[in-house]
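> If you read the sequences in order, they're chains F and H. The first sequence lines up with residues 1 to 803 when you count with the numbering used here. The second sequence lines up with residues 804 to 961 when you count with the numbering used here.
By construction, these hints were calculated from the structure, which means they are not laboratory data. Do not take every clue at face value.
Stated by the list, open to error - Here are the computed lysine to aspartate or glutamate pairs in the EDC-like style, where the Cα-Cα straight-line distance is at most 20 angstroms:
1. K825/H x E172/F
2. K941/H x E957/H
3. K922/H x D932/H
4. K397/F x D932/H
5. K881/H x D897/H
6. K415/F x D823/H
7. K922/H x E158/F
What the hints assert, rightly or not - Listed below are several chain H residues computed to face chain F (Cβ distance under 10 angstroms; list not exhaustive):
8. S831
9. F850
10. A852
11. P858
12. E864
13. Y869
For clarity, every value in this text was computed on a predicted model and none was experimentally measured. Don't be surprised by glycine CBs; every beta carbon is placed ideally from N, CA and C.
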Amino acid sequence: MTNIEIDGKQVSVPTGGTVMDGATQLGIYIPYFCYHKKLSIAANCRMCLVQVEKAPKPLPACSTPAVEGMKVSTHSAMAVASQKGQMEFLLINHPLDCPICDQGGECQLQDLAVGYGASASRYTEPKRVVVNKNLGPLISTDMTRCILCTRCVRFGQEIAGVMELGVAGRGEHAEILTFVDSTVDSELSGNMIDLCPVGALVSKPFRYSARIWELSRRKSVSPHCGLGSNLVVQIKLNRVMRVLPRENEEINECWLSDKDRFSYEGLNSEERLTTPMIKRDGQWQECDWHTALEFVANGLKTAQEQHGAQSIGALASPHSTLEELYLLQKLIRGLGSGNVDHRLRQSDFRADSHLQGSPWLGMKIAEISQLKSALVIGSTLRKDHPLIAQRLRQAVKQGAHLNLINPVSDDLLTKVTNQVVVAPAAMAAMLAQVLKAAAELKATEIPATLKDTVSSISVTDTARAIAASLIDNKPAAIFLGNLAQHHPQYADIHMLAQHIAQIAETSFGVLGEAANSVGAYLAGAVPGPGAVGISGSSQVGANGSNASQMLGMSAIPIAEPCRAFVLMNLEPEFDSYNPQQAMKTLAAAELVVMMSAYKKHVASVDYADVLLPIAPFTETSGTFINTEGRVQSFNGVVAPLGDARPAWKILRVLGNLLQLDGFDYETPEQVRAEIFLAGSDVSTQLSNRLGSFAVGEIGQVSEGLQRIGEVPIYQADPIVRRAESLQRTHDAMAPLASMPGALLDRLGVQAGDMIKVKQGDGEALLPAARDDKLPANCVRVASAHPLTATLGAMFGEIMVERL
Amino acid sequence: MLSAESLKKIDHEVTKYPADQKQSAVMSALAIAQDEKGWLANETMDFVAHYLGMPAIAVYEVATFYNMYNLQPVGRYKFTVCTNLPCALSGGNDAAAHLKQKLGIGFNQTTTDGKFTLKEGECMGACGDAPVLLVNNKRMCSFMSCEKIDQLLEELSK
Ligand code: SF4
Ligand code: FES
Ligand code: FES
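In isolation and in its complexed conformation, chain F is listed as follows (with noise of 0.2 angstroms):
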């Protein structure tokens, strides 16, 4: 600690701390605009400058380090001058255009220079011009307003990993670019228009649509992926105009991924629902709210009626809310059925009946930060979980060792310790052998179980380099990410995966793929008499068919095939694990219920037989558990469109139709109350542990080639796929059949070549793309988009062809 004096007041301030620091610690406001808490210091903008005693000449606070007995004025007659000339200097070259200017109104320049700024210019010689830059869809530039604080390219040399931006030339001809006009494609972008203290970077979809002061700001909660980022929605006129970041030191600090903030024009899109509408003879017709309940009511009473409960089958979206997805289970287990799921894409369900509570991040998301050792099995952990693999990669600067087994190899933008890229199938394998490797360096016994599975296996270096790393460095955690959730024999890898980390000694995570894929399990939107949680322990998975049973994609044979589904929330041709299959039971379906906040091009609906508008997060109050475990309730934050409904409530009816009990709310509050009944503590209902599952066959390599189908950022949930902005980025790019080249050469084509790639009785044209990094035998075409919508499953067998 070291003691200083502010403006006459002490303070002390930790060792290595700046007079900024102290300065924030009394609560004294130096004026700046390069300093930033979350970066490096820069110290050019020269604003914070303040007056030091002894010192000859003004110091910027940001900068100075605090030394014993420094007595600092930041309001004296020299700091103020200096600050006054400083603001002078700024504004010499810039355009002083605020009228036009998006940033007006929340302009850190413009708010200062009220305060140190002249009430005009002496400055009467031309001013410099700076061209502006495409640096793609999301941020929009106006280079004659920058400052050259370079808080841009610092948040992408330490926050986003990667240096898009750069200050090209010096002095007067200074200026912000990227290399060669090429785009900014972080998919933390969004980011830099936060830090921009000025008009330079701007959002591009928001542009010129609101002045600020329009805006009312109301908190809400990403439904994305299963952080649970904080935001605040801006509103103007009943409509979500912008989605900033709400500063929460323990989820997403001062950031936000772009899905999570640009996703939103997904919410105006013109492809909302906004009536109820049924089938009829092959038509579509619009209809009222009680005729479009009915149709329902009655349907699913025939169903239950001629081919009892167990016909009636509900699956939901994992980014619906708590309270929308304990209603529907409670509905259709109102009718007798044990039938609902949430996973659409998990596709080994083996585990299901040694769950012992949901499946969790296993720690806290700060304490990500603090890790000295991490592995993250199956996940491109950036597109997947952007703010966690930014964390992560904080750690990783700190010294931390990142280890990776994955079956594809893309940049994380941090240094990796370890990396693995092994076939899908070989990574149960991999597996054992971290496994195998930590039970010799901790000289302790494998599990009987697991003797036999791992007796015959040997251990590479990088195995032995993984364990090595775990064991040494503490904190260390252990993380399954999407791809291993969704991977055939997921429930073999997680339980190897929870051995190594009981061998290890560390933490264990299963990174939750959605909003509230912890919430999921505790509203009991899983198979089996009840909720894994909150509402009385159960089994998952007895008396009920799973997500996979329940669309026939299981090999496991079902007694009775459903006949009545409800959906909700979920699109099944992107978002099951096997849309193909899962749209041929849907066709053959008697009833397809629809809550839906999209219509497709009602034609191509042909599945469905009745549309029911529900509200996304925004239009109706809700609550997320994130992966950490975390419960956070929000409120709508504009009217529903047109005649859309909150989901619980159209649920909530439609249990007083089919005269089911317990359906009399009227708030969602007392529906989560009935959730949180049995005890509200979340955290003595979270486990990764699975008792006592044995693993099976690992190791056996299948001949043909494989599909390596992971979910592309910007296609894993309906709001994002219909975010147009984000849609036009890098990352939003159709899908490639991309293969290693020998697989390339085998075929006879080359990278660029359209290419059929096959599963089942569908077929896709693809652009063949080359990856050598690629396991051998693979074939990485992305799930969930348009273009594969017609393929099987994301990791089955797969044929490509030449045309």
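Add chain H with the ligands to chain F, keeping to what the hints say.
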């Protein structure tokens, strides 16, 4: 992209810095690349970036910061005349004017035969020798009166 010889030189520069800080060699690497190619095309900078494992834009920052790096093709001989104040007070501008007149070109231009390029430079730390000019970044010429400029042009025209 660069000759084996240039790469060897760059590799030698890289050895002067810690293994994880290869990018410290960027300035020498660019100079070596320029010596070989005459100027730094975008592809050349991109190549250097890859070679040193650094972002292309970071190489571009360096290349645009120092005006000894040629971002456009230049003639066989590039004259950089200092016109900063001390030189200006001692005939720097006259030297520049004389060169312009002799070569028939202005600053940032190249003679049609591709032989000479004229550039305006900043203080070279040799104010006492003013007027000064640099030939191809490497040869410093002091006290450049009109006669000495004529001599130099004659020498280089051979
Ligand atoms: S664009 Fe904005 S953030 Fe970037 S240097 Fe200029 S003023 Fe700073
Ligand atoms: S804030 Fe200190 S110099 Fe910019
Ligand atoms: S001013 Fe020309 S060398 Fe210094």
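> The structure should be examined with respect to each hint, and the outcome stated for every one.
Outcome of the hint check:
For the proposed pair K825/H and E172/F, the alpha carbon gap of about 30 angstroms is over 20 angstroms, so the pair is violated. Restraint check for K941/H and E957/H: the C-alpha separation of about 19 angstroms stays at or below 20 angstroms, so the hint holds. Our distance criterion of 20 angstroms between C-alpha atoms is met by K922/H and D932/H, whose separation comes to about 19 angstroms. With a C-alpha separation of about 49 angstroms, the suggested pair K397/F and D932/H falls outside the 20 angstroms cut-off, and the hint is violated.
For the suggested pair K881/H and D897/H, the alpha carbons sit about 18 angstroms apart, so the restraint of at most 20 angstroms is met. Annotation: proposed proximity of K415/F to D823/H holds, straight-line Cα distance about 12 angstroms (limit 20 angstroms). Note on K922/H and E158/F: the hinted pairing is violated, with a Cα-Cα distance of about 37 angstroms set against a maximum of 20 angstroms. Taken as an interface hint, S831/H does not check out: its beta carbon lies about 19 angstroms from the nearest beta carbon of chain F, beyond 10 angstroms.
Taken as an interface hint, F850/H does not check out: its beta carbon lies about 12 angstroms from the nearest beta carbon of chain F, beyond 10 angstroms. The interface hint given for A852/H is met, as the beta carbon of that residue sits about 8 angstroms from the closest beta carbon of chain F, less than 10 angstroms. Residue-level restraint check for P858/H holds (minimum Cβ-Cβ distance to chain F is 4 angstroms; threshold 10 angstroms). Because the closest C-beta pair between E864/H and chain F is about 4 angstroms apart, less than 10 angstroms, the hint holds.
Because the beta carbon of Y869/H sits about 8 angstroms from the nearest beta carbon in chain F, less than 10 angstroms, this interface hint is met.
Checked against the numbered hints given earlier, the structure breaks hints 1, 4, 7, 8, 9 and satisfies all the rest.
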